[in-house]
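Enquirer: Take a look at the letters that make up each chain.
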Amino acid sequence: MIRKFSFRSLMADKLRCFCTITAMILTSILFSTLFTTVTGIEKAYDHYNIKKTGTDYHFIVKDTSAGSDDTVNRIKENGLVDSAGRRTFISYAVNEELGYNVEINYMDEEYARHSFYGITEGSMPSKADEAAIDTMTLEALGISKTVGAPVSIDIDVGGETITENFVLSGWFSNNASYSVKIGQVLVSEAYKEQWASLHEGSDAEGKDEIGVYLDSAYDIEEEAAEILEEAGAGSEIGNVAVNPAYYSESEGVSAGTVLALAGGVSMIILIGYLIIHNIFYISAKRDAKLFGRLKTIGMSDRHLAQFVRTQAYFLMITAVPIGILCGCFIGSRLLPFLLMQTSMADIANDSISLKNNMLGILSFSSVFVVITTFISINGPIRMIKKLSPVESARIELSGGRSQRKTTDGSRLYKFAFYNILRSKKSLALLVVSIALPILLVIVSFDILCSFDMDKYLSSILYTDYTIASADYYKNEYLDFDGNVSALDEDIVNDIRSSSFYEDGAVIYGDRATDYTEIIGSGLLPGEEYGLNIYGTERAALNEKQFIESDIDIEAFEKGSGIIEGCWTDSSGQIYPGTALYSKGDTVKLKCSDGKTREYTVLGHMNVAMGTLTTKISDSSTMCELYFCPEQYKQISGNENIMSMEFNVRKGCEGEAESYMEQLKEEIPFINYESVYSLAEDFASMRKMIRMISIILCTVLTWIAVMNLINVFVSSILVRKKEIAAMKSIGMTRSQLRKMFLWEILYYNGASFILASALSLLLSVSVLRWFINGFSFLSFRTDPAVYPAILFVILFIGIITVIVTEKKVSKANIVEELKTL
Amino acid sequence: MVIRTKDLCKFYGEGTNMVKALDNVNISVERGELIGVVGRSGSGKSTLLNMLGALDRPTSGSVEIGGQDISKMNDEQLTAMRRSKIGFIFQNYNLIPVLNVYENIVMPIQLDGKKPDTQYIRSILDALEISHKISALPASLSGGQQQRVAIARALANRPEIVLADEPTGNLDEAMGEGVVNMLRFMNREFDQTIIVVTHDQDVAEKMNRNIRVADGRVSS
Numbered sequence: 038m039i040r041k042f043s044f045r046s047l048m049a050d051k052l053r054c055f056c057t058i059t060a061m062i063l064t065s066i067l068f069s070t071l072f073t074t075v076t077g078i079e080k081a082y083d084h085y086n087i088k089k090t091g092t093d094y095h096f097i098v099k100d101t102s103a104g105s106d107d108t109v110n111r112i113k114e115n116g117l118v119d120s121a122g123r124r125t126f127i128s129y130a131v132n133e134e135l136g137y138n139v140e141i142n143y144m145d146e147e148y149a150r151h152s153f154y155g156i157t158e159g160s161m162p163s164k165a166d167e168a169a170i171d172t173m174t175l176e177a178l179g180i181s182k183t184v185g186a187p188v189s190i191d192i193d194v195g196g197e198t199i200t201e202n203f204v205l206s207g208w209f210s211n212n213a214s215y216s217v218k219i220g221q222v223l224v225s226e227a228y229k230e231q232w233a234s235l236h237e238g239s240d241a242e243g244k245d246e247i248g249v250y251l252d253s254a255y256d257i258e259e260e261a262a263e264i265l266e267e268a269g270a271g272s273e274i275g276n277v278a279v280n281p282a283y284y285s286e287s288e289g290v291s292a293g294t295v296l297a298l299a300g301g302v303s304m305i306i307l308i309g310y311l312i313i314h315n316i317f318y319i320s321a322k323r324d325a326k327l328f329g330r331l332k333t334i335g336m337s338d339r340h341l342a343q344f345v346r347t348q349a350y351f352l353m354i355t356a357v358p359i360g361i362l363c364g365c366f367i368g369s370r371l372l373p374f375l376l377m378q379t380s381m382a383d384i385a386n387d388s389i390s391l392k393n394n395m396l397g398i399l400s401f402s403s404v405f406v407v408i409t410t411f412i413s414i415n416g417p418i419r420m421i422k423k424l425s426p427v428e429s430a431r432i433e434l435s436g437g438r439s440q441r442k443t444t445d446g447s448r449l450y451k452f453a454f455y456n457i458l459r460s461k462k463s464l465a466l467l468v469v470s471i472a473l474p475i476l477l478v479i480v481s482f483d484i485l486c487s488f489d490m491d492k493y494l495s496s497i498l499y500t501d502y503t504i505a506s507a508d509y510y511k512n513e514y515l516d517f518d519g520n521v522s523a524l525d526e527d528i529v530n531d532i533r534s535s536s537f538y539e540d541g542a543v544i545y546g547d548r549a550t551d552y553t554e555i556i557g558s559g560l561l562p563g564e565e566y567g568l569n570i571y572g573t574e575r576a577a578l579n580e581k582q583f584i585e586s587d588i589d590i591e592a593f594e595k596g597s598g599i600i601e602g603c604w605t606d607s608s609g610q611i612y613p614g615t616a617l618y619s620k621g622d623t624v625k626l627k628c629s630d631g632k633t634r635e636y637t638v639l640g641h642m643n644v645a646m647g648t649l650t651t652k653i654s655d656s657s658t659m660c661e662l663y664f665c666p667e668q669y670k671q672i673s674g675n676e677n678i679m680s681m682e683f684n685v686r687k688g689c690e691g692e693a694e695s696y697m698e699q700l701k702e703e704i705p706f707i708n709y710e711s712v713y714s715l716a717e718d719f720a721s722m723r724k725m726i727r728m729i730s731i732i733l734c735t736v737l738t739w740i741a742v743m744n745l746i747n748v749f750v751s752s753i754l755v756r757k758k759e760i761a762a763m764k765s766i767g768m769t770r771s772q773l774r775k776m777f778l779w780e781i782l783y784y785n786g787a788s789f790i791l792a793s794a795l796s797l798l799l800s801v802s803v804l805r806w807f808i809n810g811f812s813f814l815s816f817r818t819d820p821a822v823y824p825a826i827l828f829v830i831l832f833i834g835i836i837t838v839i840v841t842e843k844k845v846s847k848a849n850i851v852e853e854l855k856t857l
Numbered sequence: 008m009v010i011r012t013k014d015l016c017k018f019y020g021e022g023t024n025m026v027k028a029l030d031n032v033n034i035s036v037e038r039g040e041l042i043g044v045v046g047r048s049g050s051g052k053s054t055l056l057n058m059l060g061a062l063d064r065p066t067s068g069s070v071e072i073g074g075q076d077i078s079k080m081n082d083e084q085l086t087a088m089r090r091s092k093i094g095f096i097f098q099n100y101n102l103i104p105v106l107n108v109y110e111n112i113v114m115p116i117q118l119d120g121k122k123p124d125t126q127y128i129r130s131i132l133d134a135l136e137i138s139h140k141i142s143a144l145p146a147s148l149s150g151g152q153q154q155r156v157a158i159a160r161a162l163a164n165r166p167e168i169v170l171a172d173e174p175t176g177n178l179d180e181a182m183g184e185g186v187v188n189m190l191r192f193m194n195r196e197f198d199q200t201i202i203v204v205t206h207d208q209d210v211a212e213k214m215n216r217n218i219r220v221a222d223g224r225v226s227s
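Quick mapping for you: the protein sequence lines, in order, are chains P and S. For the first sequence, this note's numbering begins at 38 and goes up steadily by one. For the second sequence, this note's numbering begins at 8 and goes up steadily by one.
Treat the hints with caution; some may be incorrect.
Distance condition first, Cα-Cα at most 27 angstroms in a straight line; then the derived BS3-like pairs of lysine-lysine [to be verified]:
(1) S:K92 <-> P:K757
(2) S:K27 <-> P:K847
(3) P:K757 <-> P:K80
(4) S:K27 <-> P:K451
(5) P:K451 <-> P:K775
(6) P:K461 <-> P:K757
(7) P:K843 <-> S:K92
(8) S:K122 <-> P:K442
Per the computed footprint, the stretches of chain S lying under chain P, defined by three or more beta-carbons under 8 angstroms from a beta-carbon of chain P, are [to be verified]:
(9) 82–91
(10) 107–118
(11) 144–156
Honestly, the hints are just simulated from the structure, not real lab data. A virtual CB, placed ideally from N, CA and C, is assigned to each residue, including glycine.
Next comes chain S alone, as it looks inside the complex:
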C-alpha cells in the first residue's frame, strides 16, 4: 500500500460557514496504480490531492504514505518526504522564474544534495520535446512548454508517487494527449504511482482506475 487515508476530513471555516472539503474519505492506493480523481468543480478533488501529497494537514483522520502517518511528521520531515517520494505537477506550473528550464527540472534533486542523472533527464526532455529549451527562462516559454517543464520536474527525481492537478488543463488536445501518454509511460516503465486530478473525461478514461469525489466524499 503506497497511500491510505482513514476517515480523512478537511473542513474550512466554522459554524454555519463551515465547508466540508473532504468528509470521511477512506481510500487506498497500491504501488504502480494509475488513478484519475474526477468530480465537479469544488467537489474536493484538489483538496484530496493536496492531502495525499502532504501539502496540507487534515482536520481529522489520517494519511499514510509508504506506511508512515504524515500527521505525525514535522514540516522538515514532510518536505524531505515530498522531495524524495512525491512529484507534483501543478495546473499553473509554478516554475521558478529566475532559473532556466534545466535548473527548474533538476531543482528537487539538487535540493536533496544529489547529482542529477543527466541521461535520464535528457530522455524526459526528449520525450516532452523541450530539449532545445534547456537554457530558456520560464518567461520566454509558452503555456504548453511551461507545463511540460513542470511535468519534467515532477518526474526528474523518479518519485514513487506523481500527483498531477489538471496537468492538461492549459494544453491543446494533442499536447494534452502527449502528456497523458507520458504519464502512462512513466507508470508502466518505472512502476510509479500516478494520481491525476482531472475534469476531462478523455483523460479520466485513460486511467486504470478513477475515484469520484462529490461534496467532499468519495463515491466510487
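Okay, chain P solo, but in the shape it has when bound:
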C-alpha cells in the first residue's frame, strides 16, 4: 500500500518528478563522465608510453636460440601468460627511395598485433613471396595499396645488396608514437626459413625474439624467469628485456600525492553527497504538509520513512542506469577529442580499450550514487520524523523567531535576506555545496598557473641540447646487435666548430662488464653485477646532480677519484641498491689492458636525468662509475662517445635547431633532445592538464549550478502562495525580480566568500607545499580567477532569476492563493 501510495504521490506532480529524475540523471552523468574520462586518460597515457616503446609485450626474450615452435607453445600454455609471439629479424631494406630505416622481419600475427603492426587491409604474408608493408614505406616506394601488387625490396646482406621480389599481401599503419621513424616489411615464415637455410651460421642469419604478454604486470622479471624455466628455456633468462613502459606502472606513489588524491576524491564525494542530499531534503521539505496530514490519519514514522525510501528506489532505478550509461558514453566520446589536443594525438583514434575498466567505472559510479543516495535520504527522513502534524500545516510560517524590531523589512535587500535565512540548514548546505566546487575550480586554476617550464627543464636537462644515437633515446645505449651505439667523433667535432656552439661536454661510455673486473666488489660469491663506465668532461658534471655537497672535483679531474652514479628517491636520497660504494671507499679495477687501478669514491651523483647513463642493466646489481676522460680511455681502451651535451650561443637558437634537424635527417642513426622539444612536451602536458581541469571545472560548475538552481527554484516553489499574496498586494514583476536577485546574490556571495577564504587558507598551507613538490610546478596563483568566478556565478544567478521569475509570473494569482 505504502509503495503504491508513494509511487502515485511521486507521479502526481509530474513536473517535479521529472526535475528530480533529471537532477539525479545529471549527477550520475557528471560523475560517470568524470570517472570515464580520467580512467580513459590514464589508460591512454599508459597506452601511449607502451606504444612509444614499439610493443606492448611485457618482456622480450632477445637473441634467443629457443625460438622454436615448441618453446613458444610451452610459454603460451603457461598460466601466467596471456599471449606470446615470435619475431625474427631478417635484415634492412635499403631501396634508394627509403631515407630511413626499414626493417625486414618475420612476425607471427600475435607479435605483429602486439607491435602495433596489425594488418588493416589484406592479410599477413603466408607464402615465401608475400610481404606486408607499412603504408609510409609503400608510399615511399611508390607502390599502390593493392593486394597482389609487385614489390621489389633491396636487402642488405652483410654489406652487399640483393633484390627480392614480393607481392603485397596487406598493409598496416605505422606506429607514429614510436620515437624513431622506422618502416616495416613483414615476410612470411616460409621466407624466413628460406633465408635461414641460405645464411645459416653467418651474421646475416636472423635473430629470434619471443614477446610475452602476461596476465598481470606485477613482477615481470620474476614471472619471466619462472615462465622460461617452466618452458625449458631457463638458459635464456639473461636475454630477457623488460618493456620499460611497464616500469613506470610499478613506481611508488608519494605520500603527498596519495594525500592530495584522497583529498580531491573526498571532496568530490562530499559534493556528490551534498547534491543528492539537497535533492531529497528539498523534496521532503516541499512534501512536509503532506507528511503532516498523513501523520494525522495514522501513518507512523516508519511508514513515512518507507514512503521516502520507495520514492528514492524508484528515482534511482530510473535515473542511475540512464545517467551512468550516458556518462560513460559521453566520457568515451570525449576521450579522443581530448587526446587530439595533446602529444598523444597519435593514439587518439586507437581503440583504447576501456573494456576491463568499464565494469569498474560502471560499478563504482553506480555504487557511488546509490550509497550517496541512501546516506542522503537519512537527513530528510529524520526531518520528517520530527514533524508534528500541526507544525507541518504551518510550515511556511516557521522561522524560529517570534519577534523582529525593524520597520523596513519590505526593502527588497532586507526582505531577500530574511528569506534566505528561513531555513538556516538549507542555507548552510547550499553555501557549502556551491563553495566546494568553486574551491576545486580555484585549486585547479592555481595548479595550471603553477606550471613552471624552467623548473621542469632544469629537472630533466641541464644543457640546451643533448645528442646521442637513435638507439640511445629509443631504448638503451645498444644497437640491434648488442654493441654500444656510440656517436661518431666527427659529429661531435662538427658541432664544436659550429658558430652556434657555446660550451658543452662529451660523455664517453661503455658496457664494461666483459673486460673490466671490480676486485673485491663486496658482493657475495656468485652474485653477479653489471659494470658501466663513463668518461665525463668537467662541464657534464652538474652540481645539482651531486648527492654530497663536497665532492672533490680536482681529484676527479686529476684522475685519482671517481664518482659513482646512483638513482634517488623523491626525497633526494640514494635509492637503495643503486650505489655499491660509500664516499671514501676505494675501488680496485682490473682493466682491459690487464692492469689494476685504484680509485677513491669522491661521492655520488644522480644519473636518472639527462644523458649520463647507458640505461643498460645487464644485472640486477649495476655499478655505474664516472671517471675523467683520460682514465676512461685507459680503462676501456676505447673512445666510445655515448652522448654529448652543449649549450647554444644567445641569438643562435634557430641556427642550432635547423643544424640539428638537418643532421638528424642526414644521419638517421642519431637523435637529439633540446630544451625546445622538451618545451613542446611540456606545453603538451600543460595542455592535457588544462583539458582535464576544464572538464573537472565544467563538471563542478554544473554541480554548483544544479545545486543553486535546485535550491533556489525549490525555495520559490515552496513560497508560491506567498509570492501570489505579495503580487496581489502590489509587488510588481520587477520588484519580484530584484528580490530574487538579492537572494541569489546572497547565496552566491556567501559561497564565494567561503570558497575564497578556504582557498587562501589552503594556498598558504597545504597547496603551496603540495604544488612545489612537483618537478614541473612552482606555486603561483592568479588573482584574476576570483573576479572570473564571481562573474560566472553572478551571470548564472541572473539567468536563473530571469527564467524562474518568468515561470512564476505565468502562475495565476488566484490559483496560487487557493493552494493549501
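For this one, chain P is given, so just place chain S on it according to the hints.
Expert: Then chain S, alone, in the frame of chain P:
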C-alpha cells in the same frame, strides 16, 4: 462609478467539463458603497471578488475600475493599480512570515515607494487592538490577530476599494463584529468602497447593499 462589469464571464474547463463560475454578470458599484456579496458555497462569490480586484482575467466581458478596462492592462499596470487603488483582505490572511506585523502592514506602501503615514497606521493598529504586536512575526500570532493584521494591511494605503473575502470566517463572534464595525467605520470615515464576500447572514445584514450570486449569475 468605481467598478462596473459588463457581460462578465469566467469559465473553467472545456466541453462537458466546463464550469461557468461567472456567467454574464453585470454590476455597478458607486464610490463609497458598502456591499455584501452573498451566496452558497461554490456559487462564484470569490471568483467575482477576484475579478473585481483584478487578480484574475475574465474569459469574456469586461471589468472597469475607475473607468479603466482592466482587460486592456498588462500585468505591471494591473499590479500598480492593485497597489494604489485596492486593498485585499484574504480569508487565510496571506501574511509574509519573515516580516513583522508593522512591516506586513506597510508593505504595499513601501512597495509603492512611499513613506507610511505612521500616525494613520498607529490609529488602525489601535482600532484593531494589535498595537502591542507590531514587532511580532506572524507565526507567533493567533488566527484572529493574523486576520486583523491582514485587515490593517488592506487599509494602510487608504485604497479607494477594499475587497474582503470572508474576513470574519476565522474569527469569534465578538472579534468578527469588531472587524465589520471597522469596515463600516472606514467606509463612513474615508468614503472607501468596500465589498465583502460572506456567507454570514449577520455580516450581510450590516452591509448597505447585498449582491446575491447563484450558479455564477447575479440574481439581485
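Enquirer: State for each hint whether it applies.
Expert: The hints, checked one at a time:
For the suggested pair K92 of chain S and K757 of chain P, the alpha carbons sit about 24 angstroms apart, so the restraint of at most 27 angstroms is met. With a C-alpha separation of about 23 angstroms, the suggested pair K27 of chain S and K847 of chain P falls inside the 27 angstroms cut-off, and the hint holds. A C-alpha spacing of about 50 angstroms is found between K757 of chain P and K80 of chain P, which places the hinted pair above 27 angstroms, so the restraint is violated. Straight-line distance between C-alpha atoms of K27 of chain S and K451 of chain P comes to about 43 angstroms, which puts the hinted pair past the 27 angstroms bound.
Among the hinted pairs, K451 of chain P with K775 of chain P is consistent with the structure: their alpha-carbon atoms are about 11 angstroms apart, no more than 27 angstroms. Pair hint K461 of chain P plus K757 of chain P holds up; C-alpha atoms about 20 angstroms apart against a cutoff of 27 angstroms. For a cut-off of 27 angstroms, the pair hint linking K843 of chain P to K92 of chain S stands: about 25 angstroms separates their Cα positions. A hinted pair counts as satisfied when its Cα atoms are at most 27 angstroms apart, and K122 of chain S with K442 of chain P qualifies at roughly 18 angstroms.
Under the rule that three or more residues need a Cβ within less than 8 angstroms of chain P, the assignment of the stretch 82–91 of chain S holds, with 7 such residues. Coverage of a stretch by a chain is defined here by at least three residues with a beta carbon nearer than 8 angstroms to that chain's beta carbons; for the stretch 107–118 of chain S and chain P the count is 8, and the condition holds. Requiring three or more residues with a Cβ within less than 8 angstroms of a Cβ of chain P, the coverage given for the stretch 144–156 of chain S holds, as 4 such residues are present.
Consistency with the previously given hints fails for numbers 3 and 4, ordered from lowest to highest.
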